[in-house]
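Visitor: Here's the letter readout for the chains.
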Amino acid sequence: MGAPPVLRPGSARLARAALRLYPPAWRARYGAEVLALLDDTGGGVPAALGLAWRALPAWIWPPRQLHDQDARMRASLGTVLLSGAMLAGVDLVFAQLTQFQGFRAHGSPVVIGSYAIFDAAMAVCALAAAGGGLPLWLVMLRRARREHRARETAYLMLPVVAPAAYLATVAAVARVLGGPDGVSAGVFFAVTLLGFGAAAAACAGPVLAMRRLRPRGPAVQLAVRAAGVATAAIVVAAAASATALTGLCLWARGFAGYHSGAVLSGYLAVVAGLAMTATVSARRGSRAARSR
Amino acid sequence: MTSRLDRWADPPLLVLASLADEPKHGYAITQDVAESMGVTLGAGTLYAVISRLEAQGLIEPLDAVDRRRPYRITAAGAEALAQQSSRMSSVASLAQARLRSRLGTAGA
Numbered sequence: 001m002g003a004p005p006v007l008r009p010g011s012a013r014l015a016r017a018a019l020r021l022y023p024p025a026w027r028a029r030y031g032a033e034v035l036a037l038l039d040d041t042g043g044g045v046p047a048a049l050g051l052a053w054r055a056l057p058a059w060i061w062p063p064r065q066l067h068d069q070d071a072r073m074r075a076s077l078g079t080v081l082l083s084g085a086m087l088a089g090v091d092l093v094f095a096q097l098t099q100f101q102g103f104r105a106h107g108s109p110v111v112i113g114s115y116a117i118f119d120a121a122m123a124v125c126a127l128a129a130a131g132g133g134l135p136l137w138l139v140m141l142r143r144a145r146r147e148h149r150a151r152e153t154a155y156l157m158l159p160v161v162a163p164a165a166y167l168a169t170v171a172a173v174a175r176v177l178g179g180p181d182g183v184s185a186g187v188f189f190a191v192t193l194l195g196f197g198a199a200a201a202a203c204a205g206p207v208l209a210m211r212r213l214r215p216r217g218p219a220v221q222l223a224v225r226a227a228g229v230a231t232a233a234i235v236v237a238a239a240a241s242a243t244a245l246t247g248l249c250l251w252a253r254g255f256a257g258y259h260s261g262a263v264l265s266g267y268l269a270v271v272a273g274l275a276m277t278a279t280v281s282a283r284r285g286s287r288a289a290r291s292r
Numbered sequence: 001m002t003s004r005l006d007r008w009a010d011p012p013l014l015v016l017a018s019l020a021d022e023p024k025h026g027y028a029i030t031q032d033v034a035e036s037m038g039v040t041l042g043a044g045t046l047y048a049v050i051s052r053l054e055a056q057g058l059i060e061p062l063d064a065v066d067r068r069r070p071y072r073i074t075a076a077g078a079e080a081l082a083q084q085s086s087r088m089s090s091v092a093s094l095a096q097a098r099l100r101s102r103l104g105t106a107g108a
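Protein chains in written order, with the numbering used here: chain B, 1 to 292; chain H, 1 to 108.
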């Protein structure tokens with residue numbers, strides 16, 4: 001075999017940048033071989049672009065032999081939890097700007113029905129998250145306390161502390177800055193951003209605790225099954241909110257004139273992206289749980 | 001000559017066929033596929049295929065030598081390749097017979 005190590009520095013940088021797009025487990029297993037192959041073939045921009053393009057399926061359908069099934073389940077739980085919380089936040093803003101302001105498209109059963117389906121789906125999502133997540137949370141909390149792990153205990157308390165602190169802040173803001181017509185748009189925006197921050201912190205706590213405590217066993221499997229149910233509810237809620245939004249644009253003149261198309265399109269894109277992320281991750285987690 | 005049907009070539013099948021005689025590493029596979037089958041496999045495509053075939057137990061990795069890891073076809077891989085080759089052979093025979101018949105009809 002000839003030995004032409006002809007990967008130029010620029011091509012090598014491109015190839016390494018393309019490799020960084022791959023999942024860490026994939027990179028650890030095949031990265032050196034891919035670079036060796038590019039060394040042998042000369043690489044170049046087309047090769048790096050081809051490599052980068054193939055990173056997408058590596059994330060969507062990760063090779064099963066590369067993953068620790070328990071780690072897969074824990075990653076899936078974290079992703080579904082974060083996606084669900086962000087979707088709930090986005091949809092709460094949606095609800096605030098539609099249902100609570102009276103945009104109901106009178107006479108449109110599609111919009112009214114979509115609101116009802118959305119509310120029911122979010123309730124199912126919350127119940128599934130609580131029913132499946134609580135046992136795992138308790139298992140981790142007991143272990144963290146038994147082993148005197150202060151940091152993990154603090155992480156696990158975040159789902160309680162962050163929402164409580166947020167609600168207290170909102171109540172204080174409403175009392176100090178609220179008027180007869182509520183708060184100004186700027187304050188509403190700030191409170192909304194703070195809400196997303198609190199939701200992210202509440203979810204990040206258990207995710208960080210899971211990464212450090214590495215729980216296994218029936219509690220994780222139950223949580224993964226519950227995440228599957230929650231994800232199905234997330235997808236239904238996302239479809240219902242998209243349907244309601246489309247209906248409002250078609251049949252509620254006040255709504256369509258009040259909101260810009262770019263914001264609504266952005267909202268739909270975020271909802272679809274979160275629902276898709278949760279679905280892909282829940283599917284992987286369920287597959288890992290079944291293979292245990 | 002590059003066929004217009006090359007883009008329909010099945011990369012997993014090409015890799016299995018390349019490994020049918022002896023273990024090869026990534027570069028040797030791309031060279032073999034290009035020379036004997038006329039299809040260029042990029043690094044991204046090749047390693048996407050390798051990871052799939054490995055997950056399905058159709059090939060297995062051997063010890064790496066200087067970053068280059070050879071792969072060997074497994075018994076399950078050989079069986080899958082034999083089945084697929086047989087099916088393709090039947091399709092090729094059928095296509096050739098029908099093309100002959102068509103050309104014969106046209107020439108008559």
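Hints are not guaranteed to be accurate.
Stated by the list, open to error - Only part of the chain H face toward chain B is listed, based on derived beta-carbon distances under 10 Å: (1) Glu22; (2) Ala48; (3) Ala64; (4) Ser86; (5) Arg87.
Hints are computed from structural coordinates only; laboratory data are not their basis. We put the beta carbon where it would ideally sit given N, CA and C, even for glycine.
Visitor: Name the hints, by number, that the structure is in violation of.
Guide: 1, 4 and 5
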